[in-house]
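Number of protein chains: 2
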Amino acid sequence: MQAIQLREKIAKGEFNKSTAGFCQGNVQANMVILPKKYAKTFEEFAKKNAKAIPVLEIIKDSHYSTLLAKNANLLNELPSYNIFENGKIIKTVSDISEYYEEDFVFFLIGCSFTFENSLVNSGIQLKHVAQEKNVSMYNTSIKLHGVGEFEGEMVVSMRPIKKDRVADACVITSHYPNMHGTPIHIGYPEMIGIKDINKPDYGDYIEINEDEIPVFWPCGVTPENVLKKIKLPFAITHNPGHMFVSDKKDSDYYV
Amino acid sequence: MQAIQLREKIAKGEFNKSTAGFCQGNVQANMVILPKKYAKTFEEFAKKNAKAIPVLEIIKDSHYSTLLAKNANLLNELPSYNIFENGKIIKTVSDISEYYEEDFVFFLIGCSFTFENSLVNSGIQLKHVAQEKNVSMYNTSIKLHGVGEFEGEMVVSMRPIKKDRVADACVITSHYPNMHGTPIHIGYPEMIGIKDINKPDYGDYIEINEDEIPVFWPCGVTPENVLKKIKLPFAITHNPGHMFVSDKKDSDYYV
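Going line by line, the protein sequences match chains A and B.
For the first sequence, our numbering gives the first residue as 38, with consecutive numbering after it.
For the second sequence, our numbering gives the first residue as 38, with consecutive numbering after it.
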């Protein structure tokens with residue numbers, strides 16, 4: 038399926054699950070929507086924390102992407118959105134047209150799904166893809182660099198990797214610096230403040246086999262965790278794992 | 038100190054410790070010496086296990102290096118040698134002239150000391166270097182590909198790396214495929230058959246701090262472990278950590 042076809046299905050309400058493993062080879066993006074008055078500070082915050090929040094495109098004065106997918110409507114071409122009020126998710130919806138305000142600024146943010154194709158092509162098995170599940174994601178104790186009202190801790194995605202391929206996974210993902218790049222941590226969940234690896238804070242639980250090591254990458258869900266912490270009056274994000282599937286190719290972001 | 042000066046000191050018996058951290062920027066090599074009748078099979082064995090036994094130079098009909106250090110005498114320009122008979126170390130000596138036979142074949146093998154300079158230059162602390170100790174090395178349960186009489190398990194070197202630099206260490210060492218390249222394993226010593234991380238089988242004990250993860254690279258001491266297992270009638274190796282310091286630069290092997 039082409040990305041444009043998937044986005045059409047999503048807009049029609051015919052696809053509402055995680056986009057993990059779909060349109061392989063196409064860049065997927067996280068999204069954060071903020072009222073204009075917070076946008077400049079958030080942009081700075083993202084720059085200071087680019088490994089967790091790598092901004093690919095900023096859209097002002099419109100709700101259509103230009104760079105990642107020409108004319109894609111950001112109000113209904115993602116499968117699921119979270120509406121935030123004062124740091125709480127008040128609703129999860131598949132269309133945000135009724136919430137739209139002209140002063141909205143849309144941030145499209147790099148996603149680790151982008152490098153999954155490269156991992157799989159190198160013979161590294163990814164169980165959440167094989168099982169058509171969402172990736173496991175966790176809140177951590179890794180502190181972000183604060184800017185203005187924005188501060189908090191990093192969210193990570195976790196993939197169990199066979200022990201003899203962990204170093205390869207580091208090398209492969211290093212070629213995607215705009216998609217979180219190398220792992221932020223390897224093994225030992227407790228060292229980054231994850232108390233129970235069997236209970237992800239977002240996404241699905243994926244079993245870690247005896248010959249596998251949990252490998253953690255910075256995650257584009259980080260802004261959602263920040264919004265909760267700082268209790269911003271209003272914001273919209275994608276629902277974790279339910280990404281914006283763009284027309285850009287993974288290889289466009291290979292460095 | 039230039040490598041040629043260090044080798045002169047070694048030949049005179051004025052330097053007899055681990056070469057770890059000396060002549061930084063110069064390639065250091067492991068050495069295996071075998072009677073000619075075993076050399077061809079060992080060469081094949083090394084090729085099949087190139088990550089553990091990357092051969093840099095083979096010297097026949099002479100005991101002088103050509104490629105790694107022109108005219109360096111391999112009989113006394115390493116600080117320490119182990120003499121093997123039937124798989125047992127019968128003696129550790131600083132000069133092997135009296136054991137020399139004309140049918141000896143010398144194998145110089147890549148060493149992970151080569152990439153340590155790149156790690157340190159990237160701000161990754163290496164405690165064994167800072168403490169002027171030998172690196173920690175361990176026998177493992179990682180099976181080698183057998184060829185003829187040669188078979189056995191891999192030896193690894195271990196460096197404790199700060200948790201947020203482990204992925205960087207993988208990427209940096211991937212540029213030295215002839216010097217063991219990327220780690221073979223990260224964390225969890227028991228997964229590769231290491232029962233007590235506090236008791237290295239070779240080299241010095243290096244403490245692992247709370248914010249560090251033990252990272253394991255294939256090690257050029259692997260052939261020594263193989264010789265012990267298969268009880269070869271006669272062989273000589275360098276004494277682990279007491280390497281051949283060559284005139285080649287690390288950057289010559291950067292890929």
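Don't read these hints as lab results, they were simulated from the structure.
Values in this document were obtained by computation on a predicted structure and should not be read as measured data.
Glycine included, C-beta positions come from ideal geometry on N, C-alpha and C.
One should not assume that every hint holds.
To be verified - Okay, derived cross-link-like pairs now, DSS-like style, lysine-lysine, Cα gap no bigger than 30 Å in a straight line: (1) B:Lys180 - A:Lys164; (2) B:Lys128 - B:Lys236; (3) B:Lys88 - A:Lys164; (4) A:Lys125 - A:Lys84; (5) B:Lys199 - A:Lys236.
Said to hold, decoys possible - Going by beta-carbon spacing under 7 Å, a handful of chain B positions derived as facing chain A: (6) Val203; (7) Ser211; (8) Pro214.
Results of checking the hints against the structure:
Note on Lys180 of chain B and Lys164 of chain A: the hinted pairing holds, with a Cα-Cα distance of about 26 Å set against a maximum of 30 Å. A distance of roughly 23 Å separates the Cα atoms of Lys128 of chain B and Lys236 of chain B; the hinted pair therefore holds under the 30 Å criterion. The hinted pair formed by Lys88 of chain B and Lys164 of chain A meets the criterion: a straight-line CA distance of about 27 Å does not exceed 30 Å. Under the criterion of a C-alpha separation no larger than 30 Å, the hint pairing Lys125 of chain A with Lys84 of chain A is consistent with the structure, at around 25 Å.
Proximity of Lys199 of chain B to Lys236 of chain A is assessed by CA-CA distance (about 26 Å); at most 30 Å being required, the pair is judged to hold. Using the Cβ-Cβ criterion of 7 Å, the hint placing Val203 of chain B at the interface with chain A is satisfied: the shortest such distance is roughly 5 Å. With its C-beta approaching chain A no nearer than about 5 Å, Ser211 of chain B sits inside the 7 Å limit, and its interface hint holds. With a cut of 7 Å, the hint placing Pro214 of chain B at the interface with chain A is violated, because the nearest CB-to-CB distance is about 11 Å.
Hint 8 from the earlier list is the only one contradicted by this structure; the remaining hints agree with it.
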